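Colleague: What follows is each chain in one-letter form.
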Amino acid sequence: MKYALSFLAVIALVLIAWLGSQIPGMPYIFGVAFPYLAIAVFLGGFVYRVVQWAKSPVPFSIQTTCGQAKSLDFIKHNKLEAPHTTAQVVARMALEILTFRSLFRNTHAEMHQGPKITYESSKWLWIFALIFHYSFLLIILRHMRLFLNPVPFWVQWLETLDALFQVGAPTWYMSDVGILIGVGFLFARRLTNVKVRYISLLNDYFPLVLIFTIAITGILMRYFLRTDIDIVNIKQLTVGLAALHPTIGSDIGAIFFIHLFLVCALLVYFPYSKLMHMGGVFMSPTRNMKNNSREVRHLNPWNPRILPHSYAGYEDEFREFMVDAGIPVEKELPPQKDEE
Amino acid sequence: MYNKRTVIPGLAIFVLFVTLPLWYNGLSAGPIPKPELPPNGTKECVAPASEMRDNHMVLLNEWRDSVLRESGRSSVSVGGKEYPKALQLACMECHSNKEKFCDDCHTYASVKPYCWDCHLTPVEAASKKETH
Ligand code: HEM
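Listed in order, the protein sequences are those of chains A and B.
Take the first sequence: its letters are residues 1 to 340, numbered as in UniProt numbering.
Take the second sequence: its letters are residues 1 to 132, numbered as in UniProt numbering.
If you're looking for bench data, these hints aren't it; they were derived computationally from the structure.
All values reported here derive from a predicted model rather than from experimental measurement.
Hints may be right or wrong, so weigh each one.
[To be verified] What follows is a set of in silico ranges between Cβ atoms, one per label pair, in the way DEER data are often shown:
(1) B/Lys100 - A/Leu141: 27 to 35 Å
(2) A/Ser250 - B/Arg64: 40 to 48 Å
(3) A/Lys123 - B/Tyr24: 26 to 34 Å
(4) A/Leu225 - B/Lys81: 45 to 53 Å
(5) B/Gly10 - A/Thr99: 18 to 26 Å
Where a beta carbon is used, it is the ideal one built from N, C-alpha and C, also for glycine.
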């Protein structure tokens, strides 16, 4: 049901863009107004979310570790699993972001007769998540050819690398196949793994369907529905967007507006969804803190400021009252001077 | 806000990356390619110009497959003249200035067809003729 709903939502978006862009004048709304709006919401929302996170205090020292912390010299310290210096934290964070080490540890739990539960290493999630994320990154970097003029040399390198198999014309990209397989697996996993399916929400299915449809429309546009897809003409619009005076030359096929509108929807959705894990991974205290709680005391930032108050100071403050009440004091009151 | 000294530079780098096209292009869209018309004075292409702009690579691919895999070495007639279904013997016959025609668009759109690894550009073909 939840996944069917996400398909419906994406189909509705496709129809809006398809029919909408056919109305005269509307290409400017879909090709200029929405992209600017979307990028503004994306950037603003992203920064807002990160600032909100940065404002939240971290009361405890809560790194996740799965190795020996730094201790006595003869006990071998596991530098990556229990990072002790900033450099080690950066190294662990970089490996997490570039190679998804935590997903590499993914296990698959199963109930057997007995009842007995078994945990088995399961690398599928890791490998398909890697394929998906790297394909996505490669596609976005390659898309820079539409926005940068002159096109920098590294874009050309990525294109050559991605099209290494030189199949067909326009040449097939590995990342196009990669992103479809990747999203396909991540979606199928949510449907077929009962435990994951039980906890999956509309907000888990929707981004997958949306990204899948973006990739499909892009692939359709490049290889199959090329009518009115003149990249030179499209680039005049996209570079124009970046130069802040966009123009739409001759007609552009509806498939382009569908692709673009779905991307706008993704950009607007991004800051308010789980996709914020892109910024969140850097902000998560379980990964960005040092495991040095044995040397450095972690202070809870919302602790009230309480100054030390010694007994001598306490007596100084209340001596008169204590004497009045007949409580013994260590230091007597100064002798009273007669007022006469 | 905590950890200002890492969060703010981090955010700044992120915003710089996202806005790369804005400052990389310096707010200028740059020159638009103007492919040169065939120097031999022909007025028509193998298909209407707008269709060629969208689909010429698909057409070339179809031609290549039909010639090499199905031995369909037929010819097309453009404006009364017959041209073999070929890259060098048709397209480059009319669009003989590759650098000012094909490359003009391709540099703009960052496409670098690998066809010229094997096929000769008109300039290369001319220099080959001289040496033999
Ligand atoms: C989330 C961001 C995006 C994703 C995942 C995405 C995905 C894709 C994919 C998979 C393709 C197939 C060909 C290729 O891999 O290059 C494609 C093509 C294309 N995309 Fe995107 N796209 C995105 C954003 C955009 C944006 C913002 C624009 C323009 C404003 C755009 C315009 C195009 C065009 C014009 C093509 C056809 C390229 C060609 O014919 O060579 N895309 N897209």
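Colleague: Run every hint past the structure and note whether it holds.
Modeller: Results for each hint:
1. B/Lys100 - A/Leu141: 27 to 35 Å: Because 30 Å falls inside the window, the suggested range holds.
2. A/Ser250 - B/Arg64: 40 to 48 Å: violated (28 Å)
3. A/Lys123 - B/Tyr24: 26 to 34 Å: violated (39 Å)
4. A/Leu225 - B/Lys81: 45 to 53 Å: For B/Lys81 against A/Leu225, whose Cβ atoms are near 32 Å apart, the range 45 to 53 Å is violated.
5. B/Gly10 - A/Thr99: 18 to 26 Å: At 20 Å between Cβs, range holds.
Of the numbered hints listed earlier, those contradicted by the structure are 2, 3 and 4.
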